[in-house]
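Peer 1: Sequence:
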Amino acid sequence: MTSNPNATLESLVIQSLAKCLQRLERVSAGTWQVTGAKVATGTLGDALGGHDFRNPGVAVYFNLKGISPLTAIMLFDPADMECISKCFTGHSFPHGAATTMAEEVMLTELGNIVMNSLINGLLNALRRQSIPTIPGFAEGTLPELTAELGKTVNVKQDFRIITARLDLKWDAVTAKVEAIALVPEELAMELELLQPPAAQ
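Last residue of the sequence shown: 207 (the numbering used here), numbering continuous.
Among the hints, a few may not be true.
Okay, the calculated beta carbon distance ranges per label pair [said to hold, decoys possible]: (1) M196 / T148: 30 to 38 Å; (2) E32 / V162: 34 to 42 Å; (3) E89 / E192: 37 to 45 Å; (4) P63 / K176: 18 to 26 Å; (5) N131 / T42: 16 to 24 Å.
30 Å max Cα-Cα, derived DSS-like pairs, lysine-lysine [said to hold, decoys possible]: (6) K183 / K45; (7) K183 / K158; (8) K183 / K26; (9) K163 / K45; (10) K72 / K163; (11) K176 / K26; (12) K72 / K26.
The set of hints was computed from the structure by calculation and includes no laboratory data. No residue lacks a Cβ here, since even glycine has one placed at the ideal position from N, Cα and C.
Based on the provided sequences and hints, a complete structural model is requested.
Peer 2: Spelled out as structure tokens, the structure:
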């Protein structure tokens, strides 16, 4: 075991997401970068609470109930919609008073790509597989998102929370997004026994 067991979790997530963003950059506009990852222990509310809720947030998420469970969440600020849409689709979606269906579809697709990369990086290290699932979409304040995601995640359970920070840039406009994995403690302990993968 390493002197910093969480280093394995951080490294797995950063490398998985870096490869995913490299692929996205090749087929979309803008630049995509993983700027770091951190690991903490806490509940679903703690995981969501790391997001800046100056505006109501948008969450795209899925829960793999057969994997202990394992949950992935991607958090967006709707105020960043124009940058996110330009980076992902090449087209600008100036955000209005409410999230449109087109914006919801775009964020769900982007979240699905990134979250699958995040989760698959962890499962591949454990030599496990998962069945793809359809992401959920929710928008609201911290209490509202906690209540909505709490329909599929035990809000009282402690998880190892892995939060990766993603920076998107198009022209002079930037956006920050969080990709989060809620890892049950038994799976986190299995991952801790792995050596951090060598940098690519």
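Peer 1: Confirm or reject each hint.
Peer 2: Structure-based check of each hint:
1. M196 / T148: 30 to 38 Å: holds (34 Å)
2. E32 / V162: 34 to 42 Å: The hint (34 to 42 Å, Cβ to Cβ) holds, given that E32 and V162 are roughly 36 Å apart.
3. E89 / E192: 37 to 45 Å: holds (40 Å)
4. P63 / K176: 18 to 26 Å: holds (24 Å)
5. N131 / T42: 16 to 24 Å: The hinted range 16 to 24 Å holds for N131 and T42, with Cβ atoms some 23 Å apart.
6. K183 / K45: holds (15 Å)
7. K183 / K158: holds (26 Å)
8. K183 / K26: holds (18 Å)
9. K163 / K45: Judged against 30 Å, a Cα distance of about 21 Å means the pair holds.
10. K72 / K163: holds (16 Å)
11. K176 / K26: holds (17 Å)
12. K72 / K26: Within the cut-off at roughly 26 Å; holds.
When held up to the earlier numbered hints, the structure conflicts with none and fits them all.
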